[in-house]
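Whole structure, please, built from the sequences with the hints as guidance.
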Amino acid sequence: MEIIRVEGIAKSYGQHQVHKELTLSIERGECFTLLGPSGCGKTVLLRLIAGFEVPDAGRIAIDNTVVTDPAAGINIPPDQRGLGVVFQDYAVWPHMTVFDNVGYPLKIAKRPKGELRDRVMETLAMVGMSGLERRLPSELSGGQQQRVALARALVANPSLLLLDEPLTNLDANLREEMRFEIKELQRKLGATVLYVTHDQEIALAISDRLAIMDEAGRIRQTSNPWEIFERPTDPFVFNFMGIANFVPVRRAGESFLVGGGEQLIPWEPPQGDAPKWVAGFRPSDVQVAPEGTGIRGTVKRASFLGAMMHYLIEVDGAHLRTSIETHEAVAKGLMFKEGETCVISFRDLLWFNADSLAEVVKQ
Amino acid sequence: MSPITRKSGFGVAQLLLFFSISILVIVVAVPVLLILFNAFWVDGEFNIGDVAKIIMEPDTYQALVNSLIIACGTTIGSTIVGTFFAWLVTRTDLPYKGFMKAMFLVPFMLPSFIGALAWKMLLSPNAGFINKFFINSLGFAGPIFNIYSYLGIVLVEVMYLFPFVFIQVCGALERMDPTLEESARISGAGLFTITRKITIPLVLPSILSGALLIMLYSMAHFGTVAVLGIENGIFNIPTLIYHKIHQSGGSFDSIRTGTVLATVLVVTAALIIWLQGKILRKGHYQIIGGKSFRPMELKLRALRVPLLALCLAYIGFTIVLPTAVIFLVGGLKTYGLAFTWENLSLNNYKFILFDYKVTRDAIWNSVTLGLSAAVITMFAGVMISYVIVKMKVRGKGILEFLGMLPFSVPGSVIALGVILAWSGKYGINLYNTVWIILVAYIARYMAFSLKANSAALEQVHDSLVEAARSCGATMWQSLRDIVLPLVRPGMLAAFFLIFLPSLRELTVSIMLYAPTTRTIGVAIYTLNEDGETVVSAALAGIALIIIIVGQSLINRFTRKAGT
Numbered sequence: 124m125e126i127i128r129v130e131g132i133a134k135s136y137g138q139h140q141v142h143k144e145l146t147l148s149i150e151r152g153e154c155f156t157l158l159g160p161s162g163c164g165k166t167v168l169l170r171l172i173a174g175f176e177v178p179d180a181g182r183i184a185i186d187n188t189v190v191t192d193p194a195a196g197i198n199i200p201p202d203q204r205g206l207g208v209v210f211q212d213y214a215v216w217p218h219m220t221v222f223d224n225v226g227y228p229l230k231i232a233k234r235p236k237g238e239l240r241d242r243v244m245e246t247l248a249m250v251g252m253s254g255l256e257r258r259l260p261s262e263l264s265g266g267q268q269q270r271v272a273l274a275r276a277l278v279a280n281p282s283l284l285l286l287d288e289p290l291t292n293l294d295a296n297l298r299e300e301m302r303f304e305i306k307e308l309q310r311k312l313g314a315t316v317l318y319v320t321h322d323q324e325i326a327l328a329i330s331d332r333l334a335i336m337d338e339a340g341r342i343r344q345t346s347n348p349w350e351i352f353e354r355p356t357d358p359f360v361f362n363f364m365g366i367a368n369f370v371p372v373r374r375a376g377e378s379f380l381v382g383g384g385e386q387l388i389p390w391e392p393p394q395g396d397a398p399k400w401v402a403g404f405r406p407s408d409v410q411v412a413p414e415g416t417g418i419r420g421t422v423k424r425a426s427f428l429g430a431m432m433h434y435l436i437e438v439d440g441a442h443l444r445t446s447i448e449t450h451e452a453v454a455k456g457l458m459f460k461e462g463e464t465c466v467i468s469f470r471d472l473l474w475f476n477a478d479s480l481a482e483v484v485k486q
Numbered sequence: 427m428s429p430i431t432r433k434s435g436f437g438v439a440q441l442l443l444f445f446s447i448s449i450l451v452i453v454v455a456v457p458v459l460l461i462l463f464n465a466f467w468v469d470g471e472f473n474i475g476d477v478a479k480i481i482m483e484p485d486t487y488q489a490l491v492n493s494l495i496i497a498c499g500t501t502i503g504s505t506i507v508g509t510f511f512a513w514l515v516t517r518t519d520l521p522y523k524g525f526m527k528a529m530f531l532v533p534f535m536l537p538s539f540i541g542a543l544a545w546k547m548l549l550s551p552n553a554g555f556i557n558k559f560f561i562n563s564l565g566f567a568g569p570i571f572n573i574y575s576y577l578g579i580v581l582v583e584v585m586y587l588f589p590f591v592f593i594q595v596c597g598a599l600e601r602m603d604p605t606l607e608e609s610a611r612i613s614g615a616g617l618f619t620i621t622r623k624i625t626i627p628l629v630l631p632s633i634l635s636g637a638l639l640i641m642l643y644s645m646a647h648f649g650t651v652a653v654l655g656i657e658n659g660i661f662n663i664p665t666l667i668y669h670k671i672h673q674s675g676g677s678f679d680s681i682r683t684g685t686v687l688a689t690v691l692v693v694t695a696a697l698i699i700w701l702q703g704k705i706l707r708k709g710h711y712q713i714i715g716g717k718s719f720r721p722m723e724l725k726l727r728a729l730r731v732p733l734l735a736l737c738l739a740y741i742g743f744t745i746v747l748p749t750a751v752i753f754l755v756g757g758l759k760t761y762g763l764a765f766t767w768e769n770l771s772l773n774n775y776k777f778i779l780f781d782y783k784v785t786r787d788a789i790w791n792s793v794t795l796g797l798s799a800a801v802i803t804m805f806a807g808v809m810i811s812y813v814i815v816k817m818k819v820r821g822k823g824i825l826e827f828l829g830m831l832p833f834s835v836p837g838s839v840i841a842l843g844v845i846l847a848w849s850g851k852y853g854i855n856l857y858n859t860v861w862i863i864l865v866a867y868i869a870r871y872m873a874f875s876l877k878a879n880s881a882a883l884e885q886v887h888d889s890l891v892e893a894a895r896s897c898g899a900t901m902w903q904s905l906r907d908i909v910l911p912l913v914r915p916g917m918l919a920a921f922f923l924i925f926l927p928s929l930r931e932l933t934v935s936i937m938l939y940a941p942t943t944r945t946i947g948v949a950i951y952t953l954n955e956d957g958e959t960v961v962s963a964a965l966a967g968i969a970l971i972i973i974i975v976g977q978s979l980i981n982r983f984t985r986k987a988g989t
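Just so you know, the protein sequences line up as chains A and B, in that order. Taking my numbering, the leading residue of the first sequence gets 124, the next gets one more, and so forth. Taking my numbering, the leading residue of the second sequence gets 427, the next gets one more, and so forth.
There may be inaccurate statements among the hints.
As the list claims (entries may be wrong) - Result set (EDC-like, lysine to aspartate or glutamate): computed pairs, CA atoms no more than 16 Å apart in a straight line:
| id | chain 1 | residue 1 | chain 2 | residue 2 |
| --- | --- | --- | --- | --- |
| 1 | A | Lys399 | A | Glu385 |
| 2 | B | Lys818 | A | Asp439 |
| 3 | A | Lys236 | A | Asp223 |
| 4 | A | Lys423 | A | Glu385 |
| 5 | B | Lys816 | A | Glu461 |
| 6 | A | Lys306 | A | Glu153 |
What the hints assert, rightly or not - Computed far set for chain A versus chain B, every beta-carbon distance over 10 Å:
| id | residue |
| --- | --- |
| 7 | Gln203 |
| 8 | Val208 |
| 9 | Arg275 |
| 10 | Asp439 |
Calculated from the structure, these hints are not laboratory results. Beta carbons are placed, not taken as given, at the ideal position from N, Cα and C, and that holds for glycine.
In structure tokens, the structure reads:
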């Protein structure tokens with residue numbers, strides 16, 4: 124059952140159109156991530172759902188209640204949407220103690236003192252902040268402030284939790300720990316989480332489903348982490364989810380030739396009639412050998428990065444990158460020098476329409 | 427989960443915007459518009475020729491020229507003095523720099539018309555103590571210096587206005603990244619070249635912006651010229667406005683001349699503020715960050731002691747001497763007696779504090795007016811700043827424009843404007859009551875309140891309020907629980923920024939006072955005009971004590987709040 128339904132949302136600031144005709148739905152109890160490059164409008168969408176911004180057109184429903192619909196003159200203010208929100212900059216109130224910060228939603232809801240106290244202590248224990256309730260935010264570390272913000276968002280048991288890049292300002296170790304804890308809490312509480320980030324790793328790690336948004340605010344693909352990483356529907360998603368090679372391939376009758384040369388690509392041909400195609404593959408899916416079967420290329424650049432060897436290889440005018448673990452390269456005689464020739468084959472390869480590559484290259 | 431109820435946002439935002447616009451329109455915009463209207467609108471039609479005619483009248487024309495001469499002289503003098511001392515206390519190994527810096531800021535809190543009174547006592551051609559000393563004891567034929575002159579006025583204004591440049595340049599020099607200078611030094615530039623090619627260009631925007639501030643202030647400055655100029659027939663724009671209206675008891679002609687002069691002031695002020703904004707926007711903030719650095723210091727070597735002596739002499743001559751004279755004269759039985767123990771007593775102080783109705787009323791009026799103006803302006807300023815800084819409402823542009831107005835309307839213009847607006851012509855007559863002074867104070871000090879409160883509100887990140895909203899707080903609740911507690915320091919700052927200056931206010935009060943509504947400034951000025959020099963000096967002394975005590979209380983308080 125869906126908890127959020129976003130239909131045909133449009134939003135622009137002056138001349139700058141952030142969203143047009145955006146549609147999205149989030150299921151109850153799932154952890155859903157909006158993933159996209161910075162400036163793509165993912166935070167705007169979260170703010171529209173929270174009620175901090177009003178769309179120009181379209182409709183948003185939470186729990187089957189329409190919360191915003193400019194055409195019908197409906198706009199429920201954020202305080203009546205019953206959501207928990209965690210902000211990127213924590214937004215912990217500096218003049219209140221940890222206890223007062225976390226207890227604020229209950230105080231506003233006029234819950235009895237005793238209940239408020241129990242619930243605050245319980246929530247603080249849940250985020251590992253017991254014993255710090257008398258502290259002021261200025262006496263807390265960044266990670267602790269983030270936990271306070273999380274506790275404050277959870278204390279009133281909202282059915283929907285909105286998280287806006289909550290881990291960006293934390294250091295790497297803390298980020299990893301917190302992302303694990305957020306996932307644990309979500310599973311334990313059965314809450315629905317909408318998580319907004321530009322960090323692919325976090326998105327893959329915590330999401331049940333994720334949506335990839337491009338710079339123009341369009342959603343390119345919505346699916347589970349595995350599908351997004353292994354079966355991207357277009358080069359943008361493929362490129363965004365990690366370093367990618369894109370090699371142009373042209374049709375000559377029944378054969379498919381790499382770059383501007385006459386070598387056949389050693390992979391199953393694409394389905395379709397188009398004359399021009401793009402082969403997409405990750406550096407780790409490229410196999411190199413001194414000789415054997417495959418396409419012949421020249422090593423243009425060899426970089427020794429300690430544990431890894433990186434090669435930039437040219438095949439008939441097309442360039443591709445690959446990396447091999449150094450000890451494996453040494454063991455199998457794959458330590459190429461610049462200018463040497465090699466033979467390439469693939470472990471995995473995806474076909475994309477050549478037209479769709481243009482925008483990825485441009486970016 | 428808290429229930430989702432259907433309710434569209436009602437017009438809190440519109441309501442606040444409406445109130446904010448109303449306050450600024452009534453308090454600032456209407457008076458200014460009435461001035462422009464009265465200046466350009468004669469007998470029901472637009473008449474620019476008449477305006478030109480009034481400007482070309484000998485005494486008005488002379489006042490414009492005088493304002494310009496005095497303002498230019500003061501600006502140049504203050505810029506040189508301010509920049510020099512700023513460089514001394516930030517970039518050299520001058521001893522006691524902290525103390526010097528504090529002392530150079532003292533003139534900020536001293537009312538310049540009280541300083542002018544002191545200098546009148548010291549250097550008036552016939553009765554001035556210094557002149558008399560030179561004539562009687564050293565056998566000079568005539569006075570060594572006549573304070574009733576352009577030079578006298580300019581020198582006194584420089585003494586009290588140079589801190590504007592001083593503080594700006596000090597700030598810029600302290601925040602300037604020393605690596606900029608170090609890299610020039612590494613490239614082989616000498617200290618002189620570095621100063622000329624690196625330091626001065628980087629600090630120039632601050633110098634210019636401070637200089638423009640002084641220009642603005644001096645053009646519209648009343649006190650010094652009123653005390654020192656009128657004797658010799660030197661009028662500037664504000665003193666001529668006062669003189670005309672005071673003399674004629676508010677006749678049509680005098681009001682018209684006043685409005686034309688006030689229009690010139692408003693236009694000049696707007697021009698200066700526009701220019702300043704342009705200079706400040708030119709991006710010197712990119713090079714001068716907010717961080718504090720330890721800049722390299724120039725070794726003064728042999729000049730160290732002479733420069734220290736110069737600073738001490740300057741402080742002694744411009745701060746200690748005038749202040750001492752005020753207190754000493756305030757203790758004399760009669761003006762003109764020598765400063766001997768027999769002639770000095772505390773009787774005058776006792777008299778003005780406990781017996782003399784005029785001064786007791788004046789102190790009471792100033793304190794109550796200051797308190798009410800400070801409280802009202804503080805709250806109005808919070809609301810207006812909140813709408814300008816934080817809210818997204820249609821029509822905010824109007825408010826932003828109106829919010830700029832208080833910064834560019836000089837005191838004498840406000841006074842004239844409130845006379846036009848509140849003298850019964852439009853239904854309400856506040857003339858000759860304290861209320862008209864209160865309205866004028868609110869208009870005059872709105873700029874301070876807007877500045878302090880906007881600065882405080884900029885510090886309150888939007889997400890703090892949004893967090894409260896998402897926790898279920900309504901807009902009012904989030905204002906009460908989050909915004910107000912966080913901007914309280916800014917509000918307090920606004921309160922004191924208004925309360926203290928209003929205690930010594932002269933420019934506005936002098937145009938609006940009635941026999942029972944004198945303020946401290948008015949009482950000091952009128953008593954002095956009436957020849958009650960010792961009583962006037964005693965009251966000035968009391969005013970100085972109140973101001974200094976108040977200022978040190980604030981300093982202590984804000985330092986505590988800051989940590």
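(request) Return the numbers of the hints above that this structure violates; sort them in rising order. (result) Of the numbered hints given earlier, those the structure breaks are 2, 4, 5, 7, 8, 9, listed in rising order.
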